[in-house]
Amino acid sequence: MVGVHTQDLRKVYSSSPPAAAAGGFAPRADGKKGKSAKVQIPALDGLSLEIHPGEIFGLLGPNGAGKSTTVGVLTTRVRPNSGQAWVGDHDVWKEPALVKRLIGVVPQRPNLDFSLTAREILLFHAAYFGIGFRQRDERANALLEKFKLTERANQMVRGFSGGMMQRLSIARAMMHNPQVLFLDEPSAGLDPQTRILLWEIIREYHQAGKTILLTTHNMDEADALCQRLVIVDHGHVIALGTPKELKASIPGGFLLRLRFGRQPADLIERLQGLAGVREVRTADTAGMDIYADRGGSLIPEIASLAASSGAELSDVHISEPSLENLFLHHTGRSLRD
Amino acid sequence: MNWKTFGAMLARDAHVARRNAIQLFLQTFLQPLLFVFIFGRVMVGSGYLPPQYKSLLLPGIIAICMVFTGIWAVAMPLIAEFQWTREIEDRLLAPIGVGWVAIEKVIAGMLQALIAGLVVIPLAWLVLRPGVEISIGSPWTFAAIILLVATFSACGGLALGCTINQQHIGLMFGMVITPMIFFGCTYYPWSALKSFPILQKAVLINPLVYASEGMRATLVPQFPHLSITAVLGALLCFDVLLLVVGLRQFERKAVS
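So the protein lines, in turn, are chains A and B. Heads up, the first sequence is in the working numbering, so the first residue is 690 and it goes up one at a time. Heads up, the second sequence is in the working numbering, so the first residue is 7 and it goes up one at a time.
The following block holds chain A by itself, in its conformation from the complex (with noise of 0.2 Å):
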């Protein structure tokens, strides 16, 4: 079994960040003004990671907070600026041909050779990979019945709509048995059916031994699947554990968003002197995110005490302990912010 650690990875890139790493990055002109002046994005901040042989790893954060580059530094496709990446004993930019025998990469956007079939995207990857003849036709068939590609497996891969490629990337990534798998937003784009299809296929991968690193801003996922995960915003890491630590870590778990039409000053002192309360803060003019032991329970006495004190409420929101939370907590942003 193969692991994958990176150390105080940094990345600024000089222009628009390239289609392996496409994200929301925030530009930041920089310095001088004028034609010479150029924009940098910055990506990656001081990033380490260390993932377990044989883990399924999470990195969840929001659209540009590193996500893509952090996969594409350690698939040989971002230069990091500073700082190392290593796939198993192999440094990732001193030895990019032996680490990329053992990695397999499914990216954010189908990058599929739209020159072929997709049995022969198979047939042709394997191929690359050195794989016999008939290993490879043998593996072809079986990816292909198992990702329900065998109908359309002699069609030119153009015509296939965006689920059916993600389908096809994800078989081509595991064509040549890689140790470790790379997922970047695997499930986005693909329907309910499908993303359930996909989470089997990917446990079944990671109980034959594999290494799995995936990408995600959807909770549920990163929940579902991951044994752990890291939470990354602006290109370091806010948080590391298991799903089940990360979200214990939230003060009290329950998060109840307030909005106020009319907010006195003591309201927050007040409210943090609620039973179950943790943590009060205010979250933007006329709201607060009160961090709790309970949820609905706590609705009746926040309204009455709003009441009293001259507060008019406008709107509750109540979520359950999630990483959504977490994130919310480390940050003060949504993940789909």
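Worth flagging that the hints you see were computed from the coordinates, not collected in a lab. There may be inaccurate statements among the hints.
Said to hold, decoys possible - Going by beta-carbon spacing under 7 Å, a handful of chain B positions derived as facing chain A:
id: 1; residue: A14
id: 2; residue: R18
id: 3; residue: E93
id: 4; residue: E95
id: 5; residue: I102
id: 6; residue: G103
We put the beta carbon where it would ideally sit given N, CA and C, even for glycine.
Given chain A, work out where chain B should sit, using these hints.
Relative to chain A, chain B alone:
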């Protein structure tokens, strides 16, 4: 170096070329053959051009055919594959150095250019005959020249394909390809430019000049042509220069 991977990538390109064989054939040969027919048969037959023009034209047509097949075979797929679909990534992720993916493209382009050259000779001869006087005096020199021309075309395709974006393909034809053909001594020998001394010097930066003159020197030495040494030297320089530039551009596109 991983020869299995390299071979598989070549096999993939050959497979795609076979699949598009008819399209490639028309694209490669139709225009040169029409040109040969109009200038070599119609214009010569009706007396507007002297009969010797047939023999003068043929080497230029071979050069155009080879050079543009090579450029086209490497540049167009690269332009498409480096676009947002990033189709080339399955090869960039193959267990081989990224530079070898570019070299493979160059070898595939060279092979296509050589095939185009070897096919257009009998085809053009069939359209032009009778009255074409070509002879391969020194087969080794001829082989060296067509090999260097094929290399230059494929390396040029690599450099262009990794520099130009899809939206600039039209501009590439207008600004690079068309002037290259007309100032490439393809339809006339270089010596014909002697009444335009500045132009005659200026066209020497155009590698197609050496391709055409090299073909002329080996196939129809009875016409004026540049010396074979100059042709071989210049083509070798262009090959190295375009390969270095092309590889650098390729790596820039491949790894961000």
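Hints and how they fare:
A hinted interface residue such as A14 (chain B) counts as satisfied when its beta carbon comes closer than 7 Å to some beta carbon of chain A; here the least separation is about 4 Å, so the hint holds. Interface restraint check for R18 (chain B): the shortest CB-CB distance to chain A comes to about 5 Å, inside 7 Å, so the restraint holds. The interface hint given for E93 (chain B) holds, since its Cβ lies 5 Å from the closest Cβ of chain A, which is under the 7 Å cut-off. Checking E95 (chain B) against chain A by beta carbon gives a least distance of about 4 Å; that is within 7 Å, so the hint holds.
Among the interface hints, the one on I102 (chain B) holds; its C-beta lies about 6 Å from the nearest C-beta in chain A, closer than the 7 Å criterion. This hint holds: G103 (chain B) has a C-beta 6 Å from the nearest C-beta of chain A, less than the 7 Å allowed.
In summary, this structure violates none of the numbered hints.
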